[in-house]
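Let the sequences and hints guide you as you build the complete structure.
Chains as they are written, first to last, in the working numbering: chain S, 1 to 312; chain X, 1 to 376.
Fair warning: there could be bad hints in the mix.
[To be verified] Estimated spans, in silico, between C-beta atoms of each pair:
1. S:T302 - X:Q196: 41 to 49 Å
2. X:P261 - S:F221: 56 to 64 Å
3. S:P100 - X:Q94: 26 to 34 Å
4. S:G115 - X:E7: 28 to 36 Å
5. S:G115 - X:D25: 44 to 52 Å
6. S:T199 - X:G364: 38 to 46 Å
7. S:G115 - X:D74: 19 to 27 Å
8. S:P100 - X:D74: 31 to 39 Å
9. X:R103 - S:R85: 52 to 60 Å
10. X:R103 - S:A125: 38 to 46 Å
11. X:G15 - S:L32: 55 to 63 Å
12. X:Q94 - S:P203: 19 to 27 Å
13. X:R200 - S:T199: 38 to 46 Å
14. X:G364 - S:G116: 43 to 51 Å
[Stated by the list, open to error] From the derived model, a few chain X residues whose C-beta atoms are all more than 12 Å from chain S:
15. H20
16. L182
17. I233
18. P344
19. D353
No lab work stands behind these hints: they were computed from the structure. Computed from a predicted structure; not experimentally measured. For each residue, glycine too, the CB sits at the ideal point set by N, CA and C.
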Amino acid sequence: MSEAARLPAALEPRLQSRLPWRLHPEAMAGLLLAGPAVLALTLLLLLPTAALLVLSLTDMELGGPPLRWIGLANYAELLGDPGFRIALRNTLVYVAAVLPLSVALGLGLALLIEGGTRGRAFFRAVFFLPVVSLLVSMATAWEYLLHPTIGPLNRALAAFGIAPVNWLGSSDWVLTSLCMIGVWENLGYVVVLFLAGLTAIPPELRAAAETDGARRGWDRFWLVTWPMLGPTTLFVVTITAIRCLRVFDTVATLTQGGPNKASEVLLHEMYLEGFTYFRIGYSAAITVVFLVVVLGLVLLQTRVLERRVHYQ
Amino acid sequence: MAGISIEGVRKSFGGAAILHDISLDLAQGEFLSLVGPSGCGKTTLLRIIAGLEQADAGRVSIGGQDVTRLRPADRDVAMVFQNYALYPHLTVAQNMAVPLAMRRLSVLGRLPLLRHLSPGQAAARRGIMDDVRQAADMLAIGHLLDRRPGQLSGGQRQRVALGRAVVRHPAAFLMDEPLSNLDAELRARTRKEIVQLHRRAGVTTVYVTHDQVEAMTMSDRVALMQAGRILQIGKPRTMYDDPASLAVAQFLGSPRINTLPGTVDEGRVVVEGLRLPVHPAAADGTGVTVGLRPETLRLTPAGPLFAAVEHLESLGADSLLHTRCGATPLVARVPAAAADGLRPGEAVRFEADWPAALLFTAEGARLAHARAMAHV
Numbered sequence: 001m002s003e004a005a006r007l008p009a010a011l012e013p014r015l016q017s018r019l020p021w022r023l024h025p026e027a028m029a030g031l032l033l034a035g036p037a038v039l040a041l042t043l044l045l046l047l048p049t050a051a052l053l054v055l056s057l058t059d060m061e062l063g064g065p066p067l068r069w070i071g072l073a074n075y076a077e078l079l080g081d082p083g084f085r086i087a088l089r090n091t092l093v094y095v096a097a098v099l100p101l102s103v104a105l106g107l108g109l110a111l112l113i114e115g116g117t118r119g120r121a122f123f124r125a126v127f128f129l130p131v132v133s134l135l136v137s138m139a140t141a142w143e144y145l146l147h148p149t150i151g152p153l154n155r156a157l158a159a160f161g162i163a164p165v166n167w168l169g170s171s172d173w174v175l176t177s178l179c180m181i182g183v184w185e186n187l188g189y190v191v192v193l194f195l196a197g198l199t200a201i202p203p204e205l206r207a208a209a210e211t212d213g214a215r216r217g218w219d220r221f222w223l224v225t226w227p228m229l230g231p232t233t234l235f236v237v238t239i240t241a242i243r244c245l246r247v248f249d250t251v252a253t254l255t256q257g258g259p260n261k262a263s264e265v266l267l268h269e270m271y272l273e274g275f276t277y278f279r280i281g282y283s284a285a286i287t288v289v290f291l292v293v294v295l296g297l298v299l300l301q302t303r304v305l306e307r308r309v310h311y312q
Numbered sequence: 001m002a003g004i005s006i007e008g009v010r011k012s013f014g015g016a017a018i019l020h021d022i023s024l025d026l027a028q029g030e031f032l033s034l035v036g037p038s039g040c041g042k043t044t045l046l047r048i049i050a051g052l053e054q055a056d057a058g059r060v061s062i063g064g065q066d067v068t069r070l071r072p073a074d075r076d077v078a079m080v081f082q083n084y085a086l087y088p089h090l091t092v093a094q095n096m097a098v099p100l101a102m103r104r105l106s107v108l109g110r111l112p113l114l115r116h117l118s119p120g121q122a123a124a125r126r127g128i129m130d131d132v133r134q135a136a137d138m139l140a141i142g143h144l145l146d147r148r149p150g151q152l153s154g155g156q157r158q159r160v161a162l163g164r165a166v167v168r169h170p171a172a173f174l175m176d177e178p179l180s181n182l183d184a185e186l187r188a189r190t191r192k193e194i195v196q197l198h199r200r201a202g203v204t205t206v207y208v209t210h211d212q213v214e215a216m217t218m219s220d221r222v223a224l225m226q227a228g229r230i231l232q233i234g235k236p237r238t239m240y241d242d243p244a245s246l247a248v249a250q251f252l253g254s255p256r257i258n259t260l261p262g263t264v265d266e267g268r269v270v271v272e273g274l275r276l277p278v279h280p281a282a283a284d285g286t287g288v289t290v291g292l293r294p295e296t297l298r299l300t301p302a303g304p305l306f307a308a309v310e311h312l313e314s315l316g317a318d319s320l321l322h323t324r325c326g327a328t329p330l331v332a333r334v335p336a337a338a339a340d341g342l343r344p345g346e347a348v349r350f351e352a353d354w355p356a357a358l359l360f361t362a363e364g365a366r367l368a369h370a371r372a373m374a375h376v
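Printed below as a string of structure tokens:
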């Protein structure tokens, strides 16, 4: 052992006597540096989630009697609540319709914009407009467009001899109408994400595909573009699915879940229970169900699908 | 298999001319290097041959067929890219099979799930896998066929890229700096393997590199490019011994050729006040440049070139002696023993292989020696 190697060991007892805990100084520094982030995470995310879980096990009502511990009774009530079942079903139908439509249309549009020679910035901005505009105000425009008597959509249909449809007022059509608005709302987001993914594809791969004999755009899409977009597509699908699950503002402004609960969705149901009927405990239980669905999606993304799109 | 012919090719990008009127002919089976500093247009020329770039003017023919307007897929050329450009989601075997699948299988047969529906594709598929295995064995990557590119080393990826090129026996190989991402030892080994591969396959090859060593060691002929023009085409040895201009002489050879600016006086060249025994075919009073390869200089006590030692680089058997003759730097490659014990600042004298000295005009054009060397 050299002199230099023995030196720190000789110093160690003195150092440790000065430290409050028997911790390596580097570990101490690490804890101190991570401290603020840990504190913020705990205060802002973990504690509220824990509070939510606890609340969902109580019968808390704002302005009601003092809260009681009722265990899983809220969840049991959820299972038997036809309103909740409709909301859950409608939400899943909404996701099942809006998610594939916006991803497929968004990918197609992104490919067209990327392949075009001019106007990329213009098209990107146009399709992104719905994302940055306030949906509550845009809902007014949709309400006018879809109005049964004065709405331009029905007038245009009338020109083809098609009878007017009560887009937002009939329980047969209301979910379809909301889905259309949902696609319109998500499309720009999807387009922008896919455009970013497309620019990240190395141009040599496309050149290699060309010289390897991929004559048709279709061949190059299957050989290069689609596989290389894997991580982007996975991210887009997850994000869009969560955005769809969160559908609320169009329902709240245009239909309030009606007519006859035909457009009731999870978050609106939660809002009604919590902020209209003040049944905080029950509303918390709905939120927990919502969180579980979202968490499940994220887990599916990170655990199962991530490995299959990164080609390591 | 076929030769390549390029006639009067021009290309500019947004007003900046990249290629000025390039013409070039490759015999069938020839290995030609396009060498030059970065930005000289060599990669653009290669991409025009491949069809990845359209020439503004001129013609490209492969095997006597005019391919100027053909898509890359229709030109029957295989390209090896600098960063390999392997498909990351496919295994090595699938990567190598792509060019064959694109040609031999129907659209339906290439789709992963529908291929069982199309008749006759199974046999074609087996044929493809046989060819892939054969090419993989030739490149000693048979054991890697089931891996993905992400699991391979740089050298292995390079071989897969080569394998993808040789597997379909194209009319020509186009290689764009394929060795530049490899470390020195691997580069030297792969260099040899590419040459052997070329010899075995006998396919016309255009090889782009900025490394003059690669160009010199691998090619049948070298085309040296600068600023969008071909300065000279020839056999590596000829280019080195008999360059057409100072630019060619300076690009080829490491360390660089020594250039001594001087003037002609009484038929001889005077450099830094020293009268050298070279006789350029130029009138007295004109400025000339004498080019001396470092290996043509010898340390002798009576040499006509006086210089002061600056520093010494040992290469093992030889040493590079960096000196200064007046204001002109002078590098000599001498046996290690001859340079032993030399110290910075020490005065040395050089003799040179004067008949082998290369003479240039002040503008850099080649100049002949005047009289018979008997006078020297």
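Tell me, in ascending order, the numbers of any earlier hints that this structure violates. As far as the earlier hints go, only 5 is violated by this structure.
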